[in-house]
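Participant: One letter stands for each residue in the lines below.
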Amino acid sequence: MRHVLTRRNGMIALLVLSLVFPFAFSENRYVLYIMTVGFIYVIAINGMNILAGFTGQLSLAHAGFFAIGAYSVGILTTKMELNFWLALLLAIIITIVLGFALGIIALRTKEHFFAIYTLIVGYLIYLLIDKWDGLTGGIRGLIGIPVPDPIGPIEFNSPITMYYLVLFFLLVSTVVTVRIVHSLTGRTYMAIRNSEELAQTLGINTRTNKLVSFVISVAFAGLAGGLYASLVRFIGPEIAGTSMVFTFLMYLIVGGIGTLSGPIIGTMLFVWLEQFLQNFQEYRMLIFGPILVLIVIFYPTGLAGAYNSIRGRLRSRRKKDRRALNTASLESAKIHSREVQ
Amino acid sequence: SENGSASEGSKANDDVNTSDGAKELTIGYSGPLSGPAAFYGTETLNGLTLAVEDINDSGGFEVDGQTYKIKLASLDDKYLPNETAANAKRLVQENKAKFIYSPHSGGIYAMQVFNEMEDFIIMGYTSEPGVTEHGNTLNVRIPPRYDSYLEPFTKYEMERFGKRIAFLPTASQYGKDWADALRPVWKEHGGEIVFDESIDFNKDTDFQTIMSNALNAKPDVLFIGGPSEPTALVLKQALDLGFEGGFLVMDQAKPDQMANVIGGGYDLLEGMVGVVPLIESDFPGTASFIEAYQKKYDKIPGSEAGFHYVSLYVLTEAMKAAGTVEDTKAIMAALDEGAKNVPEEKQVYVIPSVDKEGGFEPALRMAYIEDGKIHVLEGE
Amino acid sequence: MTLIKLEGLTKRFGGLTAVSDVDFEIEKGKITAIIGPNGAGKSTFFNLISGFHRPTSGSIMFEGKDITKTPAHIGARLGIARTFQTTHLFERSSVIDNVIVGHRLRTKSKLYDAIFRTRREKREEQMAYEKAMTALEFVGLADLATMQVATISQEAKKRVAIALALATDPKVILLDEPAAGINPEETDGLAELMKKIVQNGITVCTIEHKMQMIMELADQILVLNHGAKIAEGTPEEIKTNPTVIEAYLGGESVAEVI
Amino acid sequence: MLKLSDVSVKFGAFTALQNIDIEVSEGELVVLLGANGAGKSTIFNTISGLNKPSSGNIQFNGKSVRGNSPDRMVKEGIVQCAEGKKLFAEMSVQENLMMGGFVHRKQKAQLKQSLAEVYALFPILKDKKDDAAGSMSGGQQQMLAIGRALMAKPKLIMMDEPSIGLAPLIVEQMFSIIQEINKSGTTVLLAEQNANAALKIADRGYVIENGAIVLHGNSKALFHNDAIRKAYIGA
Amino acid sequence: MELFFQQLFNGLTLGSVYILVGIGLTLVFGILHVPNFAHGSLYLIGGYITLMVMKGLGVHYFVAVILSILAIALLAVLMERFVFNPLRDAPPIHDKIAAIGLVLFFEALISLIWGTEYHRMTTPFDSTITVAGVAMTTQRMLVIVVAVVVVVLLQLFLKKTMIGASILAMAQNRDGAFLVGINANVVAMMTFAISGALAAIAASIASPINLVFPAMGHLVILKAFVVVIIGGMGSVPGAIIGGMILGISESLGATYISNDYKDMIAFLLLIIIMTARPKGLFAKGVY
Ligand SMILES: Nc1ncnc2c1ncn2[C@@H]1O[C@H](COP(=O)(O)OP(=O)(O)OP(=O)(O)O)[C@@H](O)[C@H]1O
Ligand SMILES: Nc1ncnc2c1ncn2[C@@H]1O[C@H](COP(=O)(O)OP(=O)(O)OP(=O)(O)O)[C@@H](O)[C@H]1O
Ligand SMILES: [Mg+2]
Ligand SMILES: [Mg+2]
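Chains as they are written, first to last, in our numbering: chain S, 28 to 368; chain P, 17 to 396; chain A, 9 to 266; chain R, 47 to 281; chain W, 129 to 415.
Hints are computed from structural coordinates only; laboratory data are not their basis. There's no promise every hint is true.
[Claimed, not checked] Partner residues are not named here, just some residues of chain A that face chain S (Cβ under 7 Å, in silico):
#: 1; residue: PHE98
#: 2; residue: GLY110
#: 3; residue: ARG112
#: 4; residue: SER117
#: 5; residue: ALA122
#: 6; residue: THR176
[Said to hold, decoys possible] Derived lysine-lysine pairs resembling BS3-like cross-links, with alpha carbons at most 30 Å apart:
#: 7; chain 1: P; residue 1: LYS179; chain 2: S; residue 2: LYS158
#: 8; chain 1: P; residue 1: LYS362; chain 2: S; residue 2: LYS158
#: 9; chain 1: P; residue 1: LYS362; chain 2: P; residue 2: LYS39
#: 10; chain 1: W; residue 1: LYS407; chain 2: R; residue 2: LYS152
Using N, Cα and C, we set each Cβ at its ideal position, and we do this for glycine too.
Isolated chain S, as found in the complex (with noise of 0.2 Å):
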């Protein structure tokens, strides 16, 4: 039974659902385009658990380069009128470039103060998007982003096709992701992210593997603004704002830090829980808030977290067996215990 269970047919499951999902929904594009742009998420934030979970280090100049991305397609697409695959491979060498750039000069800073440092870079980005009327349309946005271009008979004019599109590179991020964290290079982002000290007398080279690892996350967050800018079709600049990024970070606390499915469920569970809240609207907020607050405290390593410390206790319960009889043993201690002359 237990072998049934196992994490490999889980994810088979996930993939095969995931799969056949969009025939059982083909009428209802409201929920395919719910779960595309869940999907889409997913991507940014695998990236940024990459950097943050794995490596430690928390950008939040994440959604800066979401928005780099999706602006990189977006004005390729419109104003250079470039084939849309073109522009995504340029959209994500764009934001590689600018990610390598800033993690030069960010990663110096440690800790709250990297996270500060990039959150103002964020902000930034915010700003100049907002400002920079010629190049991104200003604070009213760019209109008018194509659809994917046709590979061969495959269009992308419906949600399904665009479903099955993110899915794809959904799973090629994850696979990615997962290849990294089980690898030597993933241990050392760990080590990095336990104690940087440490790992540096251990001959690693902090800087370089925090800079790729920084790159890698931001090179993801290119990838998902990209597919965004096609999915939504008109882009604004609060997608770079900072409440963006907080969202995905949230996605990503609720799931899991640092777990490898925390960023699926995080997401996509509270995409729909605010689909659902919409009921309450002006009140879903006063329920949300509170429901976030609860989380973190009750489930601090997030609900992947939670399964996973549910799923270790269970297996312990050999290991209790052999605690009890160290138990015993310190019984017979106090027996012992005599008053020497």
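Given the coordinates of chain S, work out where chains P, A, R and W with the ligands should sit on it, guided by the hints.
Facilitator: Relative to chain S, chains P, A, R and W with the ligands alone:
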């Protein structure tokens, strides 16, 4: 809120027969009901709600022999375009809405991406000319375009105060577009722009800095605007710093609300020109609307509420005229006729006609303040 | 043969000179001990050699190469490993996971290898694991491999820290007070371990206050006081050096008692 | 003066202390011996109120003090000089010492007096009185920690491995200082691994293994106990 | 030149507000080692309470301000007890998220109770004095005076009293504070109370210049963080200098560079400072 929200009736609504044999027709709404712009969003929704109640209380409306009652499905989009898009999809898919209101240009643009494909009419509330310039065939623009205000405002201020103007509008896209449109007009009439910046109400904590700079250029007239309250404050700070010229105010700000903010009557607003507040209007339906609104919401309505109210009558009349509640093309074509058929007592505003792009064409009116009193100037 | 050669090594923190003009040579394949009163600059001395701090002046030669300005991670690659005065481990990970990271610097797998799980990646993962197990066996902790570090004893942690240092394949290992806070029986075990390390061709350099242990173990002793070298020599020489007795040992009897 | 009866402490499922009985009389110097992880610090933290006992009772001067908050315990006169020092790293040495006298902050004159006493005990602290505590060496910090504890004018001072990381000369000094502190009327409860030196100055001792007391008696007897010699003294 | 002095005055007013908010934030930051994003909510509610008490009870402005200070101090204490204290041992990111939850909650609550419209707070200090061409409303002068007085009192409290020093002590080592007999819980609550009180004061004196509306906290909080970082976290003098740098650079930047880009100037300033000094201008050498 009082409005049924989207997912309460997730069945196809127009099939549901109410007890009195009327069918239910869903009208969608997506606007800012929380966040910084919530006040504005709520106002627009209130106007719409009032119209829905009035229509339903009087037994609904009849199209092609079938009586319909309206169900209003409203969703919050926090002023974010992508949320508007998601909401619109939801309203179309889950509530089968054929008409979706949104009171901000970002949301309208976001819906324009797919509204023709999904076959629903955008009931857009923004005076930005751009929204009707992209050739979208299922788009309605409710308020008048702001470019019609430019000439008369310019002339009035220039004659009374002089040719030097300082630009200090809100930094929203809307404010920028207004400024872009005003600049050539002001210059055409021989004026000079001595200061040209904008104020971001969402980011600035204090406007006195920029105001000091503007007044340093010795203008005769200040061009200001944005939501009524901060606009009023900008005006007040100009007075604090000793400014004695005129104010050319964008159509977003309403003189009555501004007067409220800085306390008391119109005398502090001396020299301003702007749009006519709803409360100073005397269209056939205005007085009763204001009364009903005050009774229900305990405050004085702005023009947004009034326009939303009347727009729903235009829409239902258009459906009647087109003989369908489904065929969006036919309804669009019948809007002009619908506008003309709005019952007189419901005319909070008089909408004489609707143009081909779906833009309402109310008569032009402006208000100015002289000797502490508001004066209304009716256009032709 | 000289492994590390220090000339005029000086480190200042603001107005305070923590290490002051020290000349010293660390012999290859020997156990060198550094002793001195608290605040004498011993830990700082280690920080300088391992590249954690940059000297204010002076030079550090490692195997004839100038490493005065190389950062810590390069020093580690050249073969300088260290432990910290307060045991410093990845508390949340298992013992084996801790030690595997220790061998990371000898592997070449990059991001590319991780994403495509190349043959190199697989080979190196295996290698790092084996290396880690060897190191754990060496320090006698193989059976604790899967325990979480936070749950093991203080003494075991000290050994894990040494295993971690060993996993980097060092030429020299710098130990900062390895015997602090562990009992006499365990101290003996630790001394054995240090001998074993030297027998395996790795030079050992240790800071220690436990004189009994040091006097038995060390080949060579450096005594620091107020950052400056006050003596250097074999245990016998140091034990009888009047300057050292005055500044540090405080009378011959003490060395025996403690 | 201090009496622990049947005290147990649990961390989750793990039992750190099991039915501990300890008694300390006024003016005594009592030592707790035990290997790493035996539970010495846990006993101290439990007395200090930093850990809550899952069962058992703690009495101080005949009053039950179980469940008191840490600051209450300091006011009662039980002060701990903890392992890991727990200094205020960015404050100066003197500020740290002054904070040690927090509970007597109203008696300005007395504080001044205590400060002078501490400086007399540890002259190095006076030399470094304006330096940040975090910049001092391990040994200096240890002295500061003891000095800070003394500033609270404790009736009972608990010292957790004060000799750890100290130079031999200083260790010797440290033990004589502890003795001095004791002689001047402060009751001392000392946790040590350095059984040899500790038993030389102590009146009585307890031996802790795996969270339980396995042996106790006067220090002479303990010193000559074979098992103890083997485990804690070596040779 | 007149303009320069006018802008200097404007910058001083702005800077004073930033300082008051920034000090509250930096104290809590120092104690919890966590940026309290919900500090903006305290500011927000502080403004509303002053306004509503004035309107509702018809009391004098100063009475309303005092009531508001008390209320917000209490609210801040509750925040500490029910949200941040339970999260004491959680990783730092968690406090940020919890704080965001609080922000969402309070904003919604305020909108629900008092609506979403802008309100103006009118005070007895509405007259204008012009000195050498510089126009100063009495309210603006009040802002500066209050800031100076509050800062001086606070500094005396922290440096000259043991209770104040206990706040600084706890910021550095919570367990250590326990050991010397400081009731850490009391100190944590006290710090939050001070921080809340400062936020209430700032909101109450700045609102008459600006408006009272649900989003007013956002405006201030981001800049307050800039102040805290420039000044070094936990440092009161640093926050004072940071606040002044920011306020004056904003008003002069808007005048002599560009109004549109003046926010960017402030933030770029921060980026440059942190690039040169990764721990802020006044970070301590040790640690
Ligand atoms: N907060 C805690 N949570 C879980 N376990 C703990 C905690 N504190 C102590 N322990 C465990 O309790 C046991 C006793 O620890 P304690 O620190 O009291 O030992 P000690 O005798 O002081 O050892 P040392 O000589 O290393 O200081 C150890 O196994 C330790 O891991
Ligand atoms: N980062 C630093 N900044 C300022 N001063 C420092 C720093 N590190 C060490 N010092 C000072 O340098 C001197 C030497 O410290 P070090 O830690 O090297 O002593 P040590 O010999 O290791 O002492 P111990 O045996 O007590 O560990 C001390 O006076 C200490 O205060
Ligand atoms: Mg040291
Ligand atoms: Mg201990």
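Participant: Does each hint hold? Answer for all of them.
Facilitator: Right, here's what the structure says about each hint:
For PHE98 of chain A, the interface hint holds, the least distance from its beta-carbon to any beta-carbon of chain S being 4 Å, beneath 7 Å. For the restraint placing GLY110 of chain A at the interface with chain S, the shortest Cβ-Cβ distance is roughly 5 Å, inside the 7 Å limit, so the hint holds. The beta carbon of ARG112 of chain A is positioned within 7 Å of a beta carbon in chain S (closest approach about 6 Å), and the interface hint is therefore held. A distance limit of 7 Å between C-beta atoms decides the matter here; for SER117 of chain A the minimum to chain S is near 5 Å, and the interface restraint holds.
Satisfaction of the interface hint for ALA122 of chain A is found here, the shortest Cβ-Cβ separation to chain S being roughly 3 Å, below the 7 Å cut-off. With a cut of 7 Å, the hint placing THR176 of chain A at the interface with chain S holds, because the nearest CB-to-CB distance is about 6 Å. For the suggested pair LYS179 of chain P and LYS158 of chain S, the alpha carbons sit about 29 Å apart, so the restraint of at most 30 Å is met. Between the alpha carbons of LYS362 of chain P and LYS158 of chain S the distance comes to roughly 43 Å, so the proposed pair goes past 30 Å and is violated.
A threshold of 30 Å between alpha carbons decides the hint, and for LYS362 of chain P with LYS39 of chain P the separation of about 23 Å falls inside it, so the pair holds. As the CA atoms of LYS407 of chain W and LYS152 of chain R are separated by approximately 37 Å, the hinted pair breaks the 30 Å bound.
Comparing the model with each earlier hint shows violations of hints 8 and 10; every other hint is respected.
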